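Student: Residue numbers (the numbering used here), protein chains in the order written: chain L, 1 to 438; chain Z, 1 to 210.
These aren't lab readings, by the way, just hints derived from the structure by calculation. Take these hints with a grain of salt, some might be off.
[Stated by the list, open to error] Calculated from the model, a selection of chain Z residues having no Cβ within reach of chain L, i.e. all distances over 12 angstroms:
{"#": "1", "residue": "A21"}
{"#": "2", "residue": "R28"}
{"#": "3", "residue": "E62"}
{"#": "4", "residue": "D85"}
{"#": "5", "residue": "R88"}
{"#": "6", "residue": "E165"}
{"#": "7", "residue": "A168"}
[As the list claims (entries may be wrong)] Distance condition first, Cα-Cα at most 25 angstroms in a straight line; then the derived PhoX-like pairs of lysine-lysine:
{"#": "8", "chain 1": "Z", "residue 1": "K106", "chain 2": "L", "residue 2": "K140"}
{"#": "9", "chain 1": "L", "residue 1": "K115", "chain 2": "L", "residue 2": "K140"}
{"#": "10", "chain 1": "L", "residue 1": "K140", "chain 2": "Z", "residue 2": "K77"}
On a predicted model such as this, the values are computed, not experimentally measured, just so you know. Even for Gly, the Cβ is constructed at its ideal location relative to N, Cα and C.
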Amino acid sequence: MKTTSGKPEDTRALAAFTELTRDGIERRTTEELDQGLNVLLARVAAGRSSPRRGIVRWSLMGGVVAVCALVGLQVSTGSHKHSQVLEPSVLAYQIEGGSVIEGGYLRESGHAGIKLLFNEGSQFVFLPGTRGRLRSVAPKGARVAIEHGKASFQVTPSTDRRWLVEAGPFLITVKGTVFTVAWDPSSERFELSLRHGRVEVSGPVSGGDIVLRAGQQLVVNLAKAETLIMEEKPEETVVESVGAATSRAIIPSALRAPLMRDKPALPSPSGAPVPATVAKLEGEHRWTDELASGHWDHILEEVERTGIKAALDKASSEDLFALADAARYRRRMDLAREALLAERRRFPGSPRALDALFLLGRVAESGERGATRAIAWYDDYLSRAPAGAYAAEALGRKMTLTSESGGSEEARPLAEEYLRRFPKGSYAGSARALQRAP
Amino acid sequence: MPTRRSHVPLSLVVGGNRRAASDGDLARGLTAGEAWAIAETWHRFAPMVLAMAERALGSKSEADDLGQEVLYCVFRKIGTLREPDSLRSFVYSVAVRALKSELRRKRLSGWLSFHPPDALVDLGSRTMDVESRDLLRKCHTLLDRLAPRDRLVFILRRMESMTVEEIAAAMDLSLSTVKRSMIHASSRLSRWIDADPGLAGLLEEGRCRR
Chain L
1 MKTTSGKPED TRALAAFTEL TRDGIERRTT EELDQGLNVL LARVAAGRSS
51 PRRGIVRWSL MGGVVAVCAL VGLQVSTGSH KHSQVLEPSV LAYQIEGGSV
101 IEGGYLRESG HAGIKLLFNE GSQFVFLPGT RGRLRSVAPK GARVAIEHGK
151 ASFQVTPSTD RRWLVEAGPF LITVKGTVFT VAWDPSSERF ELSLRHGRVE
201 VSGPVSGGDI VLRAGQQLVV NLAKAETLIM EEKPEETVVE SVGAATSRAI
251 IPSALRAPLM RDKPALPSPS GAPVPATVAK LEGEHRWTDE LASGHWDHIL
301 EEVERTGIKA ALDKASSEDL FALADAARYR RRMDLAREAL LAERRRFPGS
351 PRALDALFLL GRVAESGERG ATRAIAWYDD YLSRAPAGAY AAEALGRKMT
401 LTSESGGSEE ARPLAEEYLR RFPKGSYAGS ARALQRAP
Chain Z
1 MPTRRSHVPL SLVVGGNRRA ASDGDLARGL TAGEAWAIAE TWHRFAPMVL
51 AMAERALGSK SEADDLGQEV LYCVFRKIGT LREPDSLRSF VYSVAVRALK
101 SELRRKRLSG WLSFHPPDAL VDLGSRTMDV ESRDLLRKCH TLLDRLAPRD
151 RLVFILRRME SMTVEEIAAA MDLSLSTVKR SMIHASSRLS RWIDADPGLA
201 GLLEEGRCRR
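My request is simple: use the sequences and hints to build the entire structure.
Tutor: Now the structure itself:
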């Protein structure tokens, strides 16, 4: 490690900053490296394509026009080198269960659906009976259309590629994510379930594009001029058939409480704009910005000035969460707990309400005899969001607390569960140690 | 029974353990297009490139993408390497150039976008608790505020432990420019950290649990 002392600019904080940023990454595992090598080899092979390699039914598309596209602003900022060095890789795909015929139409050869596998790891799966088209494949990404039915998409994150999915009148812009889309032209019903990442949906809804986060489900019924955004239990997004998807979307569930339900501006004409935007949900984000700027004390001072009760009653969901964070960072655990409880009370269907469950556990841990209470919060979180953003952390904390209070024997089943679900998680080392413990 | 002919082209084989092949052997293998050389180059240099990219970009997935681009570029441009023994420097210089371009591109897209860029959206499965991840996210937000050149110099000097001379060679800069850049980056970061009492306090407390 390089010493950082002896220079005027080397404050302790800067040294800690350097150390954290330097050591805040994990070494890639052998499996990850092998996977990377496979991607690279596929790319090298595609770059040197020859008739002999035609035994693998890779359809090579594009790769040359990208340089022409990299003009204008990028050139003016000196990205000429970038265009030479970082030209997008060739995008190739393989089809299973069908073929592409004229017009990009995807024809199913059996009854098992169609799978499109791209060489950079992305996968599109059209469920049996789904009709769609492969509009284009270019080095910058692909565009597909669903004419009827349901498809799931697993897109490898990339800054250089843009993937587009059409579903009826809707257009989904994807960067890297896992989601399912269904479109039924007869009922004019659009449904999107997002498991990971972020997507942007544009179409006949007023108020601009809709941005969805992981765990959210968007249902637009054009005939009823209705838009719903719901929280979804992650395992429910895995749908086996088109019919199941349709029926599931109709059944209301407490766990999928609507975040927003806008009444139609117009009674119904098909394709009429549906008034809805996600932004309206969020309210103001003043404290979120303050939090991002490190002004935790500003937030807390403002709360003290306006009164804690008033703040908890009036703040938006995001601001309440920011307040809870600021309070946690400043060790004001009582205030953090109040903010998190307010989040759950006032915004029960919001994604932040789920996150609050986990953080209530963290706050409980800091109190005396807090382990039991914390475990209860973690259990609650895990039951409601088994694949949520904090699931690994919640299970890991539960395992640790159980081990501390009840010994390794009691914690061992949790360790086994942790390793089964999160073999590379932060607590995997502790879990293995618990397994080995006498 | 008919005999199937292999279509794999004949190639020279380096005897013994390929992991022990020198960088020069590796470069010559790459020039000859030998598959073992591609695999060995990946295993030898990808961890270094990926770690450097992740530190500089603050995103595991972006680092993966950049790692692919860098190694692919190395294979494509290996013919321009005059001294096979300097393969490591060659890989470094390709990686640094690619990082510089990527940082510039990100900064430009940040200016042109109406949405603030996400800071460190992809932390992967780090061995850190939630609070430490928040702290790391804030650190990368500060790095995002540096000019691409200053940021890269800071990363290479302080995190990759490269010498000023190595940085100058890899970034095609003069020694004095590298030193100026380093001082500029360090003083700005120190100032920003000091201006954020919460962050400074946490960093000095060394709260991150590893």
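Student: Each hint needs a verdict: does it hold in this structure or not?
Tutor: For each hint, the structure was consulted:
no.	hint	result
1	A21	holds, 17 angstroms
2	R28	holds, 17 angstroms
3	E62	violated, 6 angstroms
4	D85	holds, 23 angstroms
5	R88	holds, 18 angstroms
6	E165	holds, 15 angstroms
7	A168	holds, 17 angstroms
8	Z:K106 to L:K140	holds, 17 angstroms
9	L:K115 to L:K140	holds, 20 angstroms
10	L:K140 to Z:K77	holds, 22 angstroms
Hint 3 from the earlier list is the only one contradicted by this structure; the remaining hints agree with it.
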